[in-house]
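Colleague: Now for the letters of each chain:
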Amino acid sequence: KNEVEQSPQNLTAQEGEFITINCSYSVGISALHWLQQHPGGGIVSLFMLSSGKKKHGRLIATINIQEKHSSLHITASHPRDSAVYICAARVKTSYDKVIFGPGTSLSVIP
Amino acid sequence: GAGVSQSPSNKVTEKGKDVELRCDPISGHTALYWYRQRLGQGLEFLIYFQGNSAPDKSGLPSDRFSAERTGESVSTLTIQRTQQEDSAVYLCASSFFSKGAQHFGDGTRLSIL
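Taken in order, these protein sequences are the chains called V and H. The letter at position 26 of the first sequence is residue 26 when you use our numbering, and the numbering goes up by one with no holes. The letter at position 64 of the second sequence is residue 64 when you use our numbering, and the numbering goes up by one with no holes.
Worth flagging that the hints you see were computed from the coordinates, not collected in a lab. Worth double-checking, as some hints may not be accurate.
[Claimed, not checked] Restraint ranges, calculated between C-beta atoms of paired labels, are given here:
hint, chain 1, residue 1, chain 2, residue 2, range
1, H, T30, V, K92, 30 to 38 Å
2, V, S26, H, G71, 35 to 43 Å
3, V, F18, H, L113, 18 to 26 Å
4, H, S53, V, K92, 37 to 45 Å
[What the hints assert, rightly or not] Here are the computed lysine-lysine pairs in the DSS-like style, where the Cα-Cα straight-line distance is at most 30 Å:
hint, chain 1, residue 1, chain 2, residue 2
5, V, K97, H, K11
6, V, K92, H, K11
7, H, K17, H, K57
8, V, K68, V, K53
9, V, K97, V, K68
10, V, K53, V, K97
11, V, K92, V, K53
12, H, K57, V, K97
13, V, K92, V, K54
14, H, K57, V, K68
15, V, K92, V, K55
16, V, K55, V, K68
Please read these numbers as outputs of a predicted model, since none were measured by experiment. The C-beta atom is built at its ideal place from N, Cα and C for all residues, glycine as well.
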């Protein structure tokens with residue numbers, strides 16, 4: 001069992017739909033990152049969470065530390081949101097090791 | 001520029017050769033990370049620097065891999081005696097402090113023939 005898992009693995013949505021991507025982890029963490037990887041390969045850090053909820057534009061990220069679960073929500077999805085979304089757990093040890101989830105590939109169709 | 005810069009952007013080399021990949025982090029960022037992404041696979045953590053020290057080298061795949069950082073700035077990742085399985089995109093990221101948001105470079109696409 002991977003230490004960081006994501007669901008779904010692949011997701012196709014119609015433009016305008018509300019999208020949720022889930023991440024669960026089994027390690028103790030100091031923070032959790034959500035990353036976006038564009039088709040060209042570039043990676044952008046979307047959020048870094050250690051508790052609660054953060055919002056940036058149409059993106060919302062939440063984390064439940066007790067349940068070891070985080071969600072990334074996209075409201076009013078748009079084709080330009082098509083990308084791979086990666087959950088990454090910063091392991092709670094002396095060092096800042098990061099364990100990545102396998103990614104969720106999102107396609108938003110016009 | 002103001003972002004994380006990696007060079008070269010692409011590198012093709014023959015099996016058995018040594019390669020050196022470079023990362024210029026954002027100025028003032030004390031933490032620097034190296035990751036690898038093989039084709040069609042997820043990201044793998046390789047090594048993390050806090051300043052010029054690497055407290056966690058556990059992600060380096062073998063003793064053919066080494067990394068250093070000088071002046072709390074530039075870092076180089078060296079792969080000796082390259083193998084075909086080393087083919088991947090090597091990504092560098094930096095953050096202002098060790099628990100800060102990471103900023104990623106565009107990566108070096110390494111192909112071993």
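Colleague: If a hint holds in the structure, say so; if it does not, say that too.
Modeller: Checked hints:
Between T30/H and K92/V the beta carbon distance is about 20 Å. The supplied range of 30 to 38 Å is therefore violated. Take S26/V and G71/H: their Cβ atoms lie about 38 Å apart, and the range 35 to 43 Å holds. Taking the beta carbon of each, F18/V and L113/H are about 46 Å apart, not inside 18 to 26 Å as hinted. S53/H and K92/V have their C-beta atoms about 20 Å apart, which leaves the hinted 37 to 45 Å range violated.
Of the pairs offered as hints, the one joining K97/V and K11/H holds, with about 27 Å between alpha carbons and a cut-off of 30 Å not exceeded. In summary, the hint linking K92/V to K11/H is not supported, as the alpha carbons are separated by about 35 Å, beyond the 30 Å threshold. Between the alpha carbons of K17/H and K57/H the distance comes to roughly 23 Å, so the proposed pair stays at or under 30 Å and holds. Of the pairs offered as hints, the one joining K68/V and K53/V holds, with about 14 Å between alpha carbons and a cut-off of 30 Å not exceeded.
For the proposed pair K97/V and K68/V, the alpha carbon gap of about 17 Å is at most 30 Å, so the pair holds. In summary, the hint linking K53/V to K97/V is supported, as the alpha carbons are separated by about 23 Å, within the 30 Å threshold. Annotation: proposed proximity of K92/V to K53/V holds, straight-line Cα distance about 20 Å (limit 30 Å). Note on K57/H and K97/V: the hinted pairing holds, with a Cα-Cα distance of about 9 Å set against a maximum of 30 Å.
Of the supplied pair hints, the one linking K92/V and K54/V holds, its CA atoms being roughly 21 Å apart against a limit of 30 Å. In summary, the hint linking K57/H to K68/V is supported, as the alpha carbons are separated by about 26 Å, within the 30 Å threshold. Taking the CA atoms of K92/V and K55/V, the gap is near 24 Å; set against the 30 Å cutoff, the hint holds. With a C-alpha separation of about 20 Å, the suggested pair K55/V and K68/V falls inside the 30 Å cut-off, and the hint holds.
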